[in-house]
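Going line by line, the protein sequences match chains A and B.
My numbering applies: residue 271 is where the first sequence begins, and numbers increase by one.
My numbering applies: residue 6 is where the second sequence begins, and numbers increase by one.
Please note that a few of the clues may not be correct.
[Stated by the list, open to error] Below, a list of computed lysine-lysine pairs in the DSSO-like style, where the Cα atoms sit at most 27 Å apart:
| # | chain 1 | residue 1 | chain 2 | residue 2 |
| --- | --- | --- | --- | --- |
| 1 | B | 136 | B | 118 |
| 2 | B | 65 | B | 118 |
| 3 | B | 257 | A | 581 |
| 4 | B | 136 | B | 113 |
| 5 | B | 107 | B | 80 |
| 6 | B | 328 | B | 359 |
| 7 | B | 118 | A | 390 |
| 8 | A | 581 | B | 303 |
| 9 | B | 263 | B | 359 |
| 10 | B | 303 | B | 257 |
| 11 | B | 136 | B | 107 |
| 12 | B | 257 | B | 118 |
| 13 | B | 136 | A | 576 |
| 14 | B | 136 | A | 581 |
| 15 | B | 65 | A | 390 |
| 16 | B | 263 | B | 303 |
| 17 | A | 581 | A | 337 |
| 18 | B | 173 | B | 328 |
Derived from the structure by calculation, the hints contain no laboratory data.
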Amino acid sequence: MAMERAQVERTGGLPATVAREKLFRRILGRQPAAWLYLMPSLILFAVFVFYPLFKTIYLSFFLSDMKGLPTVFIGLDNYVRLFSSPEFIQSAGSTLLFVLYTVPATIIIALILALLANEKLKGIGFFRTIFSSSMGISVAASSVVWLFIFNPSAGILNRILSLFGLRGINWLADPNWALFSVSLTTIWLHLGFTFLILLGGLQNIDEHLYESANIEGAGYFYQLRRITLPMLSPTLFFVITVSMIDAFQTFGQIDLLTKGGPGNSTNLIVYSIYQKAFINFDFGSASSAVVVLFFCILLVTALQFKFGERKVHYQ
Amino acid sequence: MKSVELIDASKAYGNGPSVIEKLNVKINPGEFFVLVGPSGCGKSTILRMIAGLEDITSGKLLIGGQPANTLPPSKRSLSMVFQNYALYPHLSVRENITFGLKARRIGKEVLEKRLRDAADMLDLGRYLDRKPRQLSGGQRQRVALARSIVSEAPICLMDEPLSNLDAKLRGRMRSEIRQIQRRIGTTMIYVTHDQIEAMTMGDRMMVLHDGHQQQIGRPIDVYNHPKNTFVASFIGSPQMNLTPVVYDAAKKLLRLNKDWTLPVDLPFSSRDLTLGIRPANIRPDERAGENAIRLSIKVSDVEILGNETLLTFLVNDQIWTAKWEGQWSIPGGTVCQIAVSAEDLLLFDRENGKCIHDPKRPSKPEEVTV
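My request is simple: use the sequences and hints to build the entire structure.
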């Protein structure tokens, strides 16, 4: 304060300008330039994230018309209806199962591939490209490919089963198999990205640690357990968190492979929200489901940070 | 303790040229052996070949007299201290030190005893529960040393272990490492680019240049009797003055240029040579003996380093340095007399750099005793 006053006296600036400057300071803090740098992302976030978020929360307290405009304020009625609807409960259950099917499997398979691809072998670059290639394929394109693979009569999966004399499975139409089939697609789809991130994490580990461990007589699995996994823990933590969020938000492959069927067995939360909003035009109820999903993801992520991060070693 | 022997050991990457060319050396049990050379000369590669972290392209490696070319690193009965220490950042000092012992499933009692002994020896007792990042550079260095001590391996390899420390600490660790090595008696192979470390620490050293071994011997012998111009210029600070000269057998003169001549009697015919003389062997006129050869020079720069003074001057367009004891305040540009004695002059063949005249070299090479 004293310095500010001294400055004002020295420059002898106009009182009005000084007052205005002070107001800016109060609003923008001590470094107005910082806000300028943050502006582009702030605007993007505001338009595409914060505004829709608050609008959704607002909508979830209303009945809405066909255009999605709020009509009657009904308080928490949307939420009450949601939690008493067996469909929503089933959908939440399927989503949890789906997360359990996909996240651990994706990460374990990607980790194994990354460990393999991290070995210094001739031509390993070829395998690195192959293993990460699913990252470059869109959900839509890969879903179509998997439709062919899952095809009960012409698909390669049933062909292979028949080679072993097993009866073909109706992968996408059998309620007992549909969620598994969608999970399989999703694991394959996410493998590339997860692999690439984990490989990057592995390559960041100082080679000397392994050389030293080799000299000290530590075997491969001892090194894996005592060096690689602890050193990779920040990357693993990131990948687990992102995969979880991704899995909760799965939509594309459901829409293309099963459309939530058969018998709602693959009707994951986001797909059910889509149906509520854009097929039944029940925007209020859809919004309340979105809010519930948002808090679920928030809770899971917060729990992960609270309990998972203890085991994470940051350098 | 075990010996390490390299016989015609060479190393090449892929089909490229050899980076290490036909190395022959026997390192005796319990010896402190230093590999020294400028960066990129292949000294670390040699260490890694001994450790088993790099293949040996051709030639033999014997450890304790047994062929070891194909042994995995863990079976070569050695420990290694890396330049960056290679401490596990997520493990405490205690876990870092005992990592190898646990991997080898050494019993808890033995493990605790070795840990205690090493921690006492290196004064690490208070830091056992800290993580490496909570330690200073010198302390990390000690942890790396402790890790190699607890392994009780008969051979210890060190790859520039002091290069990350500041000058003061480096001096202290130098004598500490030397003392520990004496106490536990391991065979030590120590890589450094610092000729002072090589001079002060080693029982013997090998000077390397471009993957070729230049000279092996006791530090003092290498200093006094360099085999070639590379060793002469690499060992010693400030470095040896080297100047092209011509020997005139008829007049018994070494001719530096048309004004400068040194009267010496040499046992060979006229030829092109390189003259080498240590800065400490160039003396002020009045402190030189009767038989000294005197030359007058124009001083271009004077640096007083406390109790000694470095004089720089031009000879044959080449900068020479003289190191005089005491403090000499001579203004730049002064013409003064210097004196050298004929027995301090080393002469090298100008073609291949080999030393062909070394008056002080004993006629029979000294026996190396360790």
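Contradicted hints - numbers only: 2, 3, 7, 8, 12 and 17
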